[in-house]
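**Student:** Residue numbers (numbering that gives the first Met the number 0), protein chains in the order written: chain A, 0 to 356; chain B, 0 to 356; chain C, 0 to 356; chain D, 0 to 356.
No wet-lab data here; the hints were simulated from the structure.
If you're wondering where the values come from, they're calculated on a predicted model, not measured in any experiment.
From the three backbone atoms N, C-alpha and C, an ideal C-beta is built for every residue, glycine too.
All clues stand as given, with none of them false.
Restraint-style ranges between C-beta atoms, simulated for each label pair: (1) C/36 x D/315: 43 to 49 Å; (2) C/36 x B/85: 21 to 27 Å; (3) D/165 x C/214: 38 to 44 Å; (4) B/71 x D/147: 31 to 37 Å; (5) C/270 x B/73: 57 to 63 Å.
As a list, the in silico SDA-like pairs of lysine to any residue whose alpha-carbon atoms are at most 20 Å apart: (6) C/305 x D/259; (7) A/114 x D/351; (8) A/9 x C/351; (9) D/305 x C/255; (10) A/114 x D/70; (11) D/114 x C/351; (12) C/73 x B/17; (13) C/114 x D/351; (14) A/147 x A/29; (15) D/84 x A/65; (16) A/316 x B/268; (17) A/73 x D/19; (18) C/216 x D/115; (19) A/84 x D/64; (20) A/272 x B/319; (21) A/308 x B/270; (22) D/84 x A/62; (23) D/177 x D/41.
4 protein chains.
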Amino acid sequence: MGSQWGNNIKLSIFGESHGEGIGIVIDGLTPGMDLDWDYINFQMARRVPGKNKFSTARKESDRVEILSGILNNKTTGAPLCAFIKNSDKKSKDYDMLQSLMRPGHSDYPANRKYKGYNDVRGGGHFSGRLTASLVFAGSLARQILDKKGIKIVGRIKSIGNIVDVDIENDLDILNCIKNIDFPAITKEKEMQTLIEKVRLDRDSVGGVIEVVALGVKAGLGNPFFDSLESTISHMIFSVPGVKGIEFGKGFEISSMLGSESNDEYYFSENEIKTYTNNNGGILGGISNGMPIVVKVAIKPTPSIGKVQKTVNITTSKNSEVEITGRHDPCIVPRAVVVIESVMALAILDQMIGGSYE
Amino acid sequence: MGSQWGNNIKLSIFGESHGEGIGIVIDGLTPGMDLDWDYINFQMARRVPGKNKFSTARKESDRVEILSGILNNKTTGAPLCAFIKNSDKKSKDYDMLQSLMRPGHSDYPANRKYKGYNDVRGGGHFSGRLTASLVFAGSLARQILDKKGIKIVGRIKSIGNIVDVDIENDLDILNCIKNIDFPAITKEKEMQTLIEKVRLDRDSVGGVIEVVALGVKAGLGNPFFDSLESTISHMIFSVPGVKGIEFGKGFEISSMLGSESNDEYYFSENEIKTYTNNNGGILGGISNGMPIVVKVAIKPTPSIGKVQKTVNITTSKNSEVEITGRHDPCIVPRAVVVIESVMALAILDQMIGGSYE
Amino acid sequence: MGSQWGNNIKLSIFGESHGEGIGIVIDGLTPGMDLDWDYINFQMARRVPGKNKFSTARKESDRVEILSGILNNKTTGAPLCAFIKNSDKKSKDYDMLQSLMRPGHSDYPANRKYKGYNDVRGGGHFSGRLTASLVFAGSLARQILDKKGIKIVGRIKSIGNIVDVDIENDLDILNCIKNIDFPAITKEKEMQTLIEKVRLDRDSVGGVIEVVALGVKAGLGNPFFDSLESTISHMIFSVPGVKGIEFGKGFEISSMLGSESNDEYYFSENEIKTYTNNNGGILGGISNGMPIVVKVAIKPTPSIGKVQKTVNITTSKNSEVEITGRHDPCIVPRAVVVIESVMALAILDQMIGGSYE
Amino acid sequence: MGSQWGNNIKLSIFGESHGEGIGIVIDGLTPGMDLDWDYINFQMARRVPGKNKFSTARKESDRVEILSGILNNKTTGAPLCAFIKNSDKKSKDYDMLQSLMRPGHSDYPANRKYKGYNDVRGGGHFSGRLTASLVFAGSLARQILDKKGIKIVGRIKSIGNIVDVDIENDLDILNCIKNIDFPAITKEKEMQTLIEKVRLDRDSVGGVIEVVALGVKAGLGNPFFDSLESTISHMIFSVPGVKGIEFGKGFEISSMLGSESNDEYYFSENEIKTYTNNNGGILGGISNGMPIVVKVAIKPTPSIGKVQKTVNITTSKNSEVEITGRHDPCIVPRAVVVIESVMALAILDQMIGGSYE
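Chain A with its partners taken away, still in its complex shape (with noise of 0.2 Å):
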């Protein structure tokens, strides 16, 4: 289960890595919205993996074919189903996997869910090559955003201990990328050095993200159960390899007093802002007009060249595992996009089932 999402988007994901394809069904999209393939394909070309050095060598189209819900490229209103075939998959690379299971994968845990019968070639269901369907439906949520003055922003804050600077001011965060394959700011060539010294090590780092919902009015969200955060929450620890999420100054706010945390309002031409944004744009559950900041923990891709202890499920034996095969030695830069492209999703879905103008 855990398939479908959402209450007012509704968003029905399916596929594998070495299956035929993976796909997702979307529900609730307005009539009439012209697809925006440009746009579309400029997110998609984000994600793509094998574009350099810093991703797999694994090439692949990510071309999206529509199954459903379009006509003279117009959403209908129907449920829109884009489906992208597989084409460039090596099942040979993944044989062993039935018994070794990789440390930091999803094989064990997946294994002992399905009793076995999961797909485990390219970690199967499990594999991120499925998050290119969120970026594909994010990619529309964004064009709905956009018409309502809402830009989804990220960046890459840290790469291992690489870790870059503060933004002063949230709204700075669009004139300060240069180079959307790699959003850093100031250390990008520092990061690109470590992801390239972690390659050559056959190992892997992790990172944070850093992103920023610009636009959106006082007002979105819930109390208790369907709160901002618990939304857009939920729909960022569905991307696999999320570990934390701080809102605002996050853990940091943890040290701090009352004094310096609450953000104090005033007026700005008769717009209601706040001095500081400690609380990251929500309060209660609810927006408050300042920008969304959400902080984003990546984990280190689990698939590395090193030998690694790990159990024989077949034999029952303790064993090693030595992974071949194409990885990302990071999969941060690559995970920028899916991670705005959920935001957007978990933002339309507030929007629209609402009171929010």
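Position chains B, C and D relative to chain A; hints supplied.
**Tutor:** Showing chains B, C and D alone in chain A's frame:
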């Protein structure tokens, strides 16, 4: 909206701080379950305010009335409605809150969402008081989990800059806590001194809570939208004041190498374990049989006695606010049982729906 | 389970016939709505038992207490909990019900589902008394619909074999009903005579209720799983005693030719109408702007004074049961407002979620 | 919206009559289940058009491609996406449908809901062709139910005014049907003669389908919002063309006395049974162990060759329409397997979620 939650255990929360009372409807409980009132009252008491100088002076018995779903102290299988009447309320303290938006509170976003019709007395529906209902529901969930060998244990990891020790082995958490009302391991004194200091300064301070679920077998959770992290974080971000969540090493994992962060497997008397638990017991959205470890950032209580800048939305002018009334200088000690409770509810919800045995 | 419902208006029902009381939590109400208590009490009174010899002798005030969600008689936007205390309960009448399964009642299936822990006094959670909560919620829904020009009107179409006239034009239903407590058009006397006869015979009788929604514009509903018929029927079959539902001509349409059953269109002063309304205002799961016409079959009250064969599940022997206590010989007159109410809730739920203007 | 359904088995339907194809995503299937293609193809074949003169001349193979969720012909536990490509489509037949609203079809309400952007070719997303996906999903559900001893059997109860016999004992339905493609008991000839007559008249005719679920034990279902009747009717009204539903005696029960309609209990070799089954196996929303008996009214195919009055929404003038193309004079024979399928899905969904053993 947002007052209902759950796929298998269904919760419906309601109430206000200074209205008739607060309550919760719980559906999906096994019929024939005895209500262990000693246990329930013990857990409720951990959250009750007014017990000592570290918490608000408001005294409330939090006496739970059962309005439905129970016969001869056993669940009938019909929805159980629990109600807690409000007794000690001093509404006059809150009269200016229609106009002056308290920084760090839900006042302003709620005013925008509800167009000024929301009950502002004591925070109304947004009050932390509503978490009493969650503790009640959590107490029932924990009784059920207990029979499956699952225990949820929380502790104060930090208050302000006072950070307690890491636990070598997550299983040890059960034995480290001496004072359940202030569940620190080695830093109880220092933390209490800090809280007393900020109280005298009419200020407040936040902290971090660590919660561990022991005894969850491998195989609980889902890939993607209902990942175990998604479900747990959804519930935890329903609790007022939470600004961050981490599973396992959380943000720290982002600066590790894959060769460090991957939890290697081994057989321990026919059971599969990992040497480390950097992933906090969850891989691919599914439990791997290791303790589930969550850290939660709690912000400083926004109600402070100091003068703060704000806006008056009636006069549309910049203004100041000085909050009187009774408030916790630090909500963290009382919040531990709340976080434990919602985590229990999240785990139980996943457990009933799936194939978990 | 099954106590929660709704995509946009969320309902959570609870309570028992002979417990503390019954209630409902309603989330999703627009903030700032005045509660029209004259209207609410008028609708509640239509369902109240004990008013005359056609209904049970049990007298209850059905006085609604609002536990949350209201301030100064206006909705705040927070979940509204309404509670109705039980006052006049005679539990001793029901003592044998743990063993003797009353034919036509939920006793036996509930005993199996809840393994004997269900509250059997007065039907417990299965009691028709819980529909008072639905009438309350429906009264709020109808206030909202009324502002959009939508009215829900019901009538008694038949009692036993006494069948009232068809209405030439569905719009006329508003003008045909003289006695709102017994809303027949021409057969009030005959129907009441029949009910009195079966009462004296210690028997009961069923009937058919017709409900019409006037003023729903074209475009409400969905294809497939949330068709307008699916949503309405889901709610109407939630009402105890319902065994059939028809939209428009219903079963009669199955014996018509397409050339007879198709409702042909024409322009009437720029509005599109149909000459006939055999489809009851719904095509393809979506409203077509004509009145929505529903017929609902209500079974005879299963509680009858005659001796009936049954089983004793304690002794595992065949046995007999004679039901004493107070019961309606015919539930149909009081059920009209219940069916109207759930239909209002179903229509409102569809309306808020979609693009209906 | 409305394309997703289910609490435990999750369905997501998509597709159009004259687009790329139609499909369905099914989540919640037990891992390791073999797909019995003989059984699936047998059920799919029952719905396929073009087999004989009683159905449309459109010929389609309805060949199912599995896009995900299957490995070595076994379910993996991941969402299963089934897709059926459209092959034989003649779009030109449908060109005038943007303007001329066919009576009895979804054309006009869909045009209003989707603001003219809906795909009208062959009914687009509203086409009966989408029920092929439901039959596929139902075939999997029936394999699972079969292992629990549950069988779903349907038959044609009437076509037009030709009404077949009642079945003395619901259990006998398994033995009465000789021709699975036209499952009448005694009136096959007369019914076929009538269908042939209306076909020659360029007209159409409706009918009633009776479906029985055998082997469901007592205890399945819920009081109120997820009553077994609510869940089954929700699904059955998702099928295009359904205008009425009855459980047990249905509308007939409304003219019975309680002493006639109550199903009296007795022990039959330690099993509890009822002498009659007027309530169709459901009491209080929960199964009582007797066969679940449902009757479903199907309207005449709205596509008829006769000239009909309608409106032209482009010119805003009254007009006429004459439908050419291929259509079933009576959809009832092909609809039997569709109704069986959705009933299987509804029962399975209730079964997985609850405590049914």
